[in-house]
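**Student:** Take the sequences, apply the hints, and build the full model.
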Amino acid sequence: MSAPRAPRPYMNPYLAGVGLGLVLLAAFVVMGRGLGASGAYASVVAAGVDRVAPTHAQANGFFSHYLAGEAPLKDWLVFEILGVFLGGFLSALVAGRLRWTVEHGPAMSDRGRLLYAFGGGALMGVGAVLARRCTSGQALTGGALLSVGSWLFIVTAFAAGYLAAPLFRKQWR
Amino acid sequence: MSAPLFELGAFGESTSLIIALIIGVAFGWFLEQGGMGNARKLAGQFYLTDLTVFKIMFSAVITAMLGLFWLHRAGVLELSLVYVPPTWILPQVLGGFVFGVGFVMGGLCPGTSCVAISTGRKDGLALLAGMFAGILAFGELFALLRRVYEATPAGTLTLPQLTGISYPVVVALVAVVGVAAFRLAEWIEQRGT
Amino acid sequence: MTVAAPRAGRKLSVGGVLAAVTVVLGVLAPLIGGRPWRRGPGVSELSRELASGRPLVDAITLAEWIRDRKPLAILDVRDSSAFVQFSVPTARNVPFEELRTQPIDSSRTLVLYDANGDAAVRGWLLLRRLGHPHARILERGVLGWIDGVLQPVLPAGTPDERARYQRVAAVSRYFGGLPTIGPARPDSSTAAKQAVRLLSRRGCY
Numbered sequence: 001m002s003a004p005r006a007p008r009p010y011m012n013p014y015l016a017g018v019g020l021g022l023v024l025l026a027a028f029v030v031m032g033r034g035l036g037a038s039g040a041y042a043s044v045v046a047a048g049v050d051r052v053a054p055t056h057a058q059a060n061g062f063f064s065h066y067l068a069g070e071a072p073l074k075d076w077l078v079f080e081i082l083g084v085f086l087g088g089f090l091s092a093l094v095a096g097r098l099r100w101t102v103e104h105g106p107a108m109s110d111r112g113r114l115l116y117a118f119g120g121g122a123l124m125g126v127g128a129v130l131a132r133r134c135t136s137g138q139a140l141t142g143g144a145l146l147s148v149g150s151w152l153f154i155v156t157a158f159a160a161g162y163l164a165a166p167l168f169r170k171q172w173r
Numbered sequence: 001m002s003a004p005l006f007e008l009g010a011f012g013e014s015t016s017l018i019i020a021l022i023i024g025v026a027f028g029w030f031l032e033q034g035g036m037g038n039a040r041k042l043a044g045q046f047y048l049t050d051l052t053v054f055k056i057m058f059s060a061v062i063t064a065m066l067g068l069f070w071l072h073r074a075g076v077l078e079l080s081l082v083y084v085p086p087t088w089i090l091p092q093v094l095g096g097f098v099f100g101v102g103f104v105m106g107g108l109c110p111g112t113s114c115v116a117i118s119t120g121r122k123d124g125l126a127l128l129a130g131m132f133a134g135i136l137a138f139g140e141l142f143a144l145l146r147r148v149y150e151a152t153p154a155g156t157l158t159l160p161q162l163t164g165i166s167y168p169v170v171v172a173l174v175a176v177v178g179v180a181a182f183r184l185a186e187w188i189e190q191r192g193t
Numbered sequence: 001m002t003v004a005a006p007r008a009g010r011k012l013s014v015g016g017v018l019a020a021v022t023v024v025l026g027v028l029a030p031l032i033g034g035r036p037w038r039r040g041p042g043v044s045e046l047s048r049e050l051a052s053g054r055p056l057v058d059a060i061t062l063a064e065w066i067r068d069r070k071p072l073a074i075l076d077v078r079d080s081s082a083f084v085q086f087s088v089p090t091a092r093n094v095p096f097e098e099l100r101t102q103p104i105d106s107s108r109t110l111v112l113y114d115a116n117g118d119a120a121v122r123g124w125l126l127l128r129r130l131g132h133p134h135a136r137i138l139e140r141g142v143l144g145w146i147d148g149v150l151q152p153v154l155p156a157g158t159p160d161e162r163a164r165y166q167r168v169a170a171v172s173r174y175f176g177g178l179p180t181i182g183p184a185r186p187d188s189s190t191a192a193k194q195a196v197r198l199l200s201r202r203g204c205y
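Protein chains in written order, with our numbering: chain A, 1 to 173; chain B, 1 to 193; chain C, 1 to 205.
By construction, these hints were calculated from the structure, which means they are not laboratory data.
Just so it is clear, the structure is predicted and the values come from calculations on it, not from any experiment.
Just so you know, nobody snuck in bad clues.
Derived lysine to aspartate or glutamate pairs resembling EDC-like cross-links, with alpha carbons at most 20 Å apart:
(1) K41/B - E186/B
(2) K122/B - D110/A
(3) K41/B - D110/A
(4) K41/B - E189/B
(5) K170/A - D110/A
(6) K70/C - D105/C
(7) K70/C - D58/C
(8) K170/A - D50/B
**Tutor:** Spelled out as structure tokens, the structure:
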């Protein structure tokens, strides 16, 4: 009987970073734009609202922006995000890191962690929309282009993270 | 100049969507390879036990920054055709702060949550659901939030433009400071063990 | 028989190599010098410009500019077979792929046109972003020229309409056109509007 394959160790972070940087560079060279993630989610939300309440969506200053153009889901970022799902899956498959589980420390419950995740996600949703982009968009793309707003975003996000970290420590205990 | 290919008419919108998919796959691949799909590993950044987030992100930024500079210098890439995200001072500082709290609370970011989900982590799903809720709430309350959202636009503003330091010098500074920061990160991590 | 011991030396770590390469590439930047990064108007600014309609020029105005020898460079961005069949007088054929090589000349106004698709709008965007200061788009492209200058149909009932008819007829005949009096035709300029909508999603967060 064969033992379950042990998950392979993670790639050297600097190498992974260089790899990511080259992907980002490819996006610049091929498309003239960088990467992103939160924009895709905003498109999905806007499309959803449009489905449920079209006049409301069109009248809303925020959602209507994402509904301009052919079809909000036929959008570059949406396709890119689908690729991210696939790429993450393939990498974990090859490395034996696929696990249907909830990540948290031993002292935390699944449910507690899921609540924190939801809450964190909600805050990030608001923050990313306010700032026009998220870590992938601002930090990576804007960072490489030396955009002031992006660097401001990264610095304040990390600062806020360190300040708020004690509040959420129990998830990882 | 031969790049950016899309801006110079090398291919159309449909092809660009396929390219988006391919680029996304590579993006997700490297994120997972670095362990960024695992919230526990990501959270280590904020408890100074595992600074992988910083190492990966900053290595990526420096790599792409150097690539952009040298490709533009070589005349291959035309930077004036590359989209630079505009700067909105107040929304980006405020949004950054809110985002940062959410980041340490959730342990994942919008991009990495995809990797978490596709590798089976249920907390990634919860986070994504939270993000949809947050975006929806923002959209619904947009009338109230609009003033903040549209405050302090600064247009396209880069560090060289702001500081008056020339682009090549800024590149050099970021590269050198970056490497120093990585040394510091290694030291911090070792101190913890 | 003893095997020679491996030569002692510093092992090259991945991190070390990356760090060295980074520092070298970084420090070389100011030493070798960069190429100026011309930051022209951004996509959002340009889409606002397009939405305002300012870059558009109607065929009659363009015709008057040509007749009055205003410094112009009229660029036909269609491919050569279309250009050979019919082109606006004094136009040059510069297919989209070659637009990037167009030298920047602030003394002339660039006017782009196509068959009334989106190529002229995209070409305008490209040129403006590369830093060309004066670039315009012929409203409705070749069709606009044919309808507006070569076969204009205008009402001439009121004094205003008659004055306009005279102006149009004069420039039309200059280019060998046949102006006629009749009811006004409905106008539709969708290319620019569509381009603005597509543009405002570009590079979107």
